[in-house]
Amino acid sequence: MAADSVEREILIEASPQVVWGVITEPEQISRWFSDEADVEARAAADGTLTWRPGGRGGKKEVDAIVPIRVVEAEPFSRFSFRWNHPQGAEPDENNSALVEFTLIEEAGGTRLRVVESGIDAVTHDEEGKARYLEDHEGGWGKHLGELLEYVASKPPGTTR
Amino acid sequence: MTTALAEDDALWAAVADPTRRRVLDALLEHGEASTTTLAQGLPVTRQAVAKHLAVLNRVGLVTGRRRGREVRYAVRPERLDDAAEAMARVAAQWDRRLARIKRLAESAQADAGIDR
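Protein sequence lines correspond, in order, to chains A and B.
Its first residue numbered 1, the first sequence is counted upward by one per residue in our numbering.
Its first residue numbered 1, the second sequence is counted upward by one per residue in our numbering.
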């Protein structure tokens, strides 16, 4: 995995079909991600995610409209997209972050894994960084102590 | 339940090692130091310190510059801050999103069960 990526997963007591609907249907996306979503689960489809003032994005006074480009849409198993590239630009590894969902059927449900990579591409450009960090709620500090505490708080055996 | 899985990440790996954390701490304290100076203050060999510095250098957490016959290393605080802030925020953010996805999917699944 690249230095600037995070991986998370969760076990969901629902079928991959149901989970797929939640992560790909616009009316569902607006219940866990942006306040509004205009996106189609089809490879190469361009869309937008919108955060409204007072919505999940926080206290901004204007709408934050973020471009999204679907990369892969393989029903019930894989959904990936690039986002946060400049409006109108062709998304690539230098100007956008890549989000990859993987759905794995398991006894009793679905394991949903998400990897976001290329965070540096979005956060090293000053404007992008400001927008990206502002768009995200979250109370993590920025100092070494907190980073190390975070690493240390992971379940035993998962570091390194 | 969510499991932290960023463990393979080079950056996390770089700071997860206790000796490397001590190297980083020592560098932060000194501002700038050579491998030899660092080794004097740590219970490890000069070679071991050199290896840890190479790992930290590779992920961009330290930078080295030649001063005469030796290389002096320093922490790149902007990289440390950028990395820590961006990664931790993104990770925490995904945990919250996944928790919402789980709630939505499990309630949709329960509704489908009743309809049947």
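Be a bit skeptical, because a hint or two may be false.
[Unchecked claim] Here are the in silico distance ranges between beta carbons for each label pair: (1) A:A45 to B:E70: 47 to 57 Å; (2) B:D95 to A:A44: 26 to 36 Å; (3) A:R113 to B:V44: 14 to 24 Å; (4) B:T63 to A:V62: 33 to 43 Å.
[Claimed, not checked] Calculated Cβ distances over 10 Å to all of chain B for the following chain A residues: (5) S15; (6) D38; (7) A44; (8) A73; (9) E105.
Simulated from the structure, these hints should not be mistaken for laboratory data.
Fair warning: this is a prediction, and the values are worked out from it, not measured in the lab.
Note that CB positions come from ideal geometry on N, CA and C, so glycine has one too.
Going down the list of hints, with the structure as the test:
no.: 1; hint: A:A45 to B:E70: 47 to 57 Å; verdict: 55 Å, holds
no.: 2; hint: B:D95 to A:A44: 26 to 36 Å; verdict: 30 Å, holds
no.: 3; hint: A:R113 to B:V44: 14 to 24 Å; verdict: 37 Å, violated
no.: 4; hint: B:T63 to A:V62: 33 to 43 Å; verdict: 39 Å, holds
no.: 5; hint: S15; verdict: 7 Å, violated
no.: 6; hint: D38; verdict: 18 Å, holds
no.: 7; hint: A44; verdict: 24 Å, holds
no.: 8; hint: A73; verdict: 17 Å, holds
no.: 9; hint: E105; verdict: 13 Å, holds
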